[in-house]
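Chains as they are written, first to last, in full-length UniProt numbering: chain A, 1 to 365; chain B, 1 to 291; chain C, 1 to 254.
Hints are computed from structural coordinates only; laboratory data are not their basis. For glycine and all other residues, C-beta sits at the position ideal for the given N, C-alpha and C. Any given hint could turn out to be false.
Here are some of the chain C residues that sit facing chain A, going by a computed Cβ distance under 8 angstroms [unchecked claim]:
1. Pro72
2. Ala77
3. Glu91
4. Tyr249
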Amino acid sequence: MRIVFKTDYMQDIRPWKDGYQLSLYLILLAVVIAAPWWLNDFYLGELTNVLIWAIAGLGLMVLTGHTGQASLGHAAFLAIGCYANVILIEAGIPFLIAFPLAGILTGVIGATIAVPALRLHGIYLAIFTLALSILMDDIIVLADPITGGVGGKYIGGVEIFGHMIERWGTPGQFFWLVLTVTVIVTLGYINLLRAPLGRSFIAVRDSEVSAQAMGVDIARTKTISFGLSCTVTGWAGALMGLYAGAFNNETFSVVISIQLLMMIVIGGLGSIHGAFFGAIVIGFLPQFLSIAKEYVGALFGGDTVAIPGLEFGVFGMILIAFILFEPMGIYGRWLKIRTWIELFPFYRKDMFKRQKSYLKTERLR
Amino acid sequence: MDNIQLLISGLANGCVYGLIALGFVLIYKATEAVNFAQGDFMMLGAFVTIGLTNTEYMGLPFWMALPISLGVMAALGYLLDRLVIRRMFGESQTAVVILTIALGFVIRFVAGLIWGHEPQTLQNPLAGKEVRFGGLVLGMEDVAVIIVTILLTWSLYVFFSKTKLGLAMQGASQNQLAAYYMGIPVKRVQGLIWALAGAVAGVAGILFAAKGSVDPNTGLLGIKAFAAAVIGGFGSLPGALAGGLIVGVIEPFASRYIAAGYSQIAPYALLLAVLIFRPHGLFSQVRVKKV
Amino acid sequence: MSLLELENVTLKFGGLTAVDRLSFSVEEGEVFAIVGPNGAGKSTVFNLISRFYDPFEGTIRFDGQDLLAVKPSGVAAYGVARTFQNIELFEHATVLQNLLVGRHRHHKSNVISELFFTPSVKRQELENREKVEEVIDFLDLQAYRDKMIAGLPYGVRKVVEVARALATDPKLLLLDEPASGLSVEETTDMRWWIDDIRRQMGITVLMVEHDMGLVSGVSDRVLAMADGAKLALGTPAEVQSHPAVIEAYLGKAS
Chain A
1 MRIVFKTDYM
11 QDIRPWKDGY
21 QLSLYLILLA
31 VVIAAPWWLN
41 DFYLGELTNV
51 LIWAIAGLGL
61 MVLTGHTGQA
71 SLGHAAFLAI
81 GCYANVILIE
91 AGIPFLIAFP
101 LAGILTGVIG
111 ATIAVPALRL
121 HGIYLAIFTL
131 ALSILMDDII
141 VLADPITGGV
151 GGKYIGGVEI
161 FGHMIERWGT
171 PGQFFWLVLT
181 VTVIVTLGYI
191 NLLRAPLGRS
201 FIAVRDSEVS
211 AQAMGVDIAR
221 TKTISFGLSC
231 TVTGWAGALM
241 GLYAGAFNNE
251 TFSVVISIQL
261 LMMIVIGGLG
271 SIHGAFFGAI
281 VIGFLPQFLS
291 IAKEYVGALF
301 GGDTVAIPGL
311 EFGVFGMILI
321 AFILFEPMGI
331 YGRWLKIRTW
341 IELFPFYRKD
351 MFKRQKSYLK
361 TERLR
Chain B
1 MDNIQLLISG
11 LANGCVYGLI
21 ALGFVLIYKA
31 TEAVNFAQGD
41 FMMLGAFVTI
51 GLTNTEYMGL
61 PFWMALPISL
71 GVMAALGYLL
81 DRLVIRRMFG
91 ESQTAVVILT
101 IALGFVIRFV
111 AGLIWGHEPQ
121 TLQNPLAGKE
131 VRFGGLVLGM
141 EDVAVIIVTI
151 LLTWSLYVFF
161 SKTKLGLAMQ
171 GASQNQLAAY
181 YMGIPVKRVQ
191 GLIWALAGAV
201 AGVAGILFAA
211 KGSVDPNTGL
221 LGIKAFAAAV
231 IGGFGSLPGA
241 LAGGLIVGVI
251 EPFASRYIAA
261 GYSQIAPYAL
271 LLAVLIFRPH
281 GLFSQVRVKK
291 V
Chain C
1 MSLLELENVT
11 LKFGGLTAVD
21 RLSFSVEEGE
31 VFAIVGPNGA
41 GKSTVFNLIS
51 RFYDPFEGTI
61 RFDGQDLLAV
71 KPSGVAAYGV
81 ARTFQNIELF
91 EHATVLQNLL
101 VGRHRHHKSN
111 VISELFFTPS
121 VKRQELENRE
131 KVEEVIDFLD
141 LQAYRDKMIA
151 GLPYGVRKVV
161 EVARALATDP
171 KLLLLDEPAS
181 GLSVEETTDM
191 RWWIDDIRRQ
201 MGITVLMVEH
211 DMGLVSGVSD
221 RVLAMADGAK
231 LALGTPAEVQ
241 SHPAVIEAYL
251 GKAS
């Protein structure tokens, strides 16, 4: 185990533990930046998709993982960001202004929606946001003149300083665009977590009463969390729109909302890593399944049959397994494996054991 | 006349929602777990019965298939608690919600594997029959749904207020620890509640499949039933049923009197309004956490 | 002028009167204890001061200002910090993070500057760290600084909660049963700490406690309550020998 001696407060405030860790992440970043040169176009597209999901995951993570407010309706905010971005571009506003604006607009709408939702806890908030997501589908159809209704909208590419960036025409540059947004959002997230605001989010998540007694304004904190979360989700939505090229009311259905929440649970709630791990699972599961199906089909000499709903079924089973056996998600498992390697052979089985109470009631009595 | 007919068919739909909502509330009251897969349970109940009775499957007589499928559903509910939910002891409510949503995905997948994705109807002795009452023409199924729901609710009421087991369940739902100290086997009682919820979902499924067709995605109806439970107030059984009826009645009237496109919004708009103005449902009191 | 003044405070839950026309005041620099049988309304008094409940009638004044005019989250800004009977820590955060939340009322940064972690936010964080480290040193929590609360033993959590309250730099510290569930040694430690908090830091302490040894050891004045009302008020010895108090605890001599 690497032991870090702390001699300076900055060592806790800096986002990285030591130079070793920093260099690992820089190498990872460099490898990813170089992806267009070592990946073919198909897998580069998949990687772009994973990054977009990761941004959406980061957005939801702020709210659910760090503020403890489970949302089953974030597809609604993906939709708002996506439509806002395209509508602004169609209105002649350059992408570099339209894109940030789309996110901020989503954030403002999210924070506004948060106000009536502030009093709701746990399942009540979940069902509130679920209903929002269902309603958003209908609202998009009803707002036909702006949104194009069932016919949907189409966007080819975006122009940055007179240079066209397209999902299919210039996949490498589109990848870099998405990567840039990912890096900016991640850095902002890291800053948030080491700043007072991030701590007040965690405080609200873990104990509202004592957060209040420490002077944290619950309503304000939740509203800011909703706002930040929806801003980031809006950006992810805008990128999803560019990635898909065409979209309509069904692109951002309630199923996407549920998938997004499940994704960050699988990845590991309450960590930035979790959003990325979850996005990798969700992005590569379909590929993995089709490869597995071909393999199994070849094994038995039969044709590969299409099994409808297979993806969701397998996804559901993975999720159940994680919640039962590794509630901290992939990130939690990764921490254990790392500790095991670092401490070998001194790892104890109950090192990460948490106390379980008889019944942690969330019912208001 | 028209309106009365709308009302009756709305009530019949509402009964199915109400029964699913009843399942939600039963489980929530007893264990504080929220079973988002209750709608999928209903769908599974429908398919199990279809699998037993319909001629293209096993072709058992309808009245013989009924108790078997209810028994199967009760057993599934019990097993689910035993094998999965019980491990969630002490975890947060949100974790259980997500778990049961995932469970719903799996149930839908399995149902699709076994029974396919085509809509199917339950072959039953009441199919196609009508009841004429004055100038009203009512589907026999609708009438049967309403009668069965009333009977089931009444027997649940008697069960919870009169029988020893029912009282034990109530006790366990009020305060687990105290019930445990009083010698009530809390875990077994919870298993039985899940079994009961499974059977209620089975009844809902049979009624639903008798009225119309089911396919694996019918389970998503659970979202509407969940809305009904919240509208009624999550902590009360009569509230859940009332919420179901409200949602069921609103739907046909909304589609009759409100412009298309706006009508399907009605139940959810009502849900949002209830959550904003009476966050704990129309029929419940609000209390504050004690520190 | 007293630091904290409660006057004629009444609180009812439905038909039950939890606090009944209660008046008392806490002077600056003293340790003031509230004792009484279970259900006497002691914790309710704390929750009233924390503004979790709105009193039915009466006034609560702190340092000359009306405490009833602020939101629950505004109480801390006046310099009132508290602990809870059943420990309400931020379970999935480290001890350090918990204490840093205590610094919340001193923050001046805004959302945007925090997202960019500007030099001014950095300076503020360094100041926070210095203050928090003082508290950590004071209560001997160095060994637990980077540990998650979820894995800590009960006795340590109790101390962390006091530490978090101290990190807010309070004028008045409310301790809700600081010794409940602690071993004899831990209770003794707690007693010295309460004494030090008053002497070294100059913080006024208001506490609810059942352990009469601790109460008579550290407190200057004691208020005995029963059924939401005042029974007796005075030095620990006076209160302990007061006939009404003995009756409330042991029942009427027949």
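Exercise. Under the criterion of a CB-CB separation shorter than 8 angstroms, is Pro72/C in contact with chain A as hinted?
Worked result: Holds: closest Cβ of chain A sits about 5 angstroms from Pro72/C, inside 8 angstroms.
Exercise. For the hint on Ala77/C, does the least C-beta distance to chain A fall short of 8 angstroms?
Worked result: This interface hint holds because 6 angstroms falls under the 8 angstroms limit.
For this session: Grab the minimum C-beta distance from Tyr249/C to chain A and call the hint holds if it beats 8 angstroms, violated otherwise.
Result: violated, 28 angstroms
Exercise. Going by Cβ atoms only, is Glu91/C closer than 8 angstroms to chain A?
Worked result: holds, 5 angstroms
In the structure shown, a violation is registered for the earlier hint numbered 4 alone.
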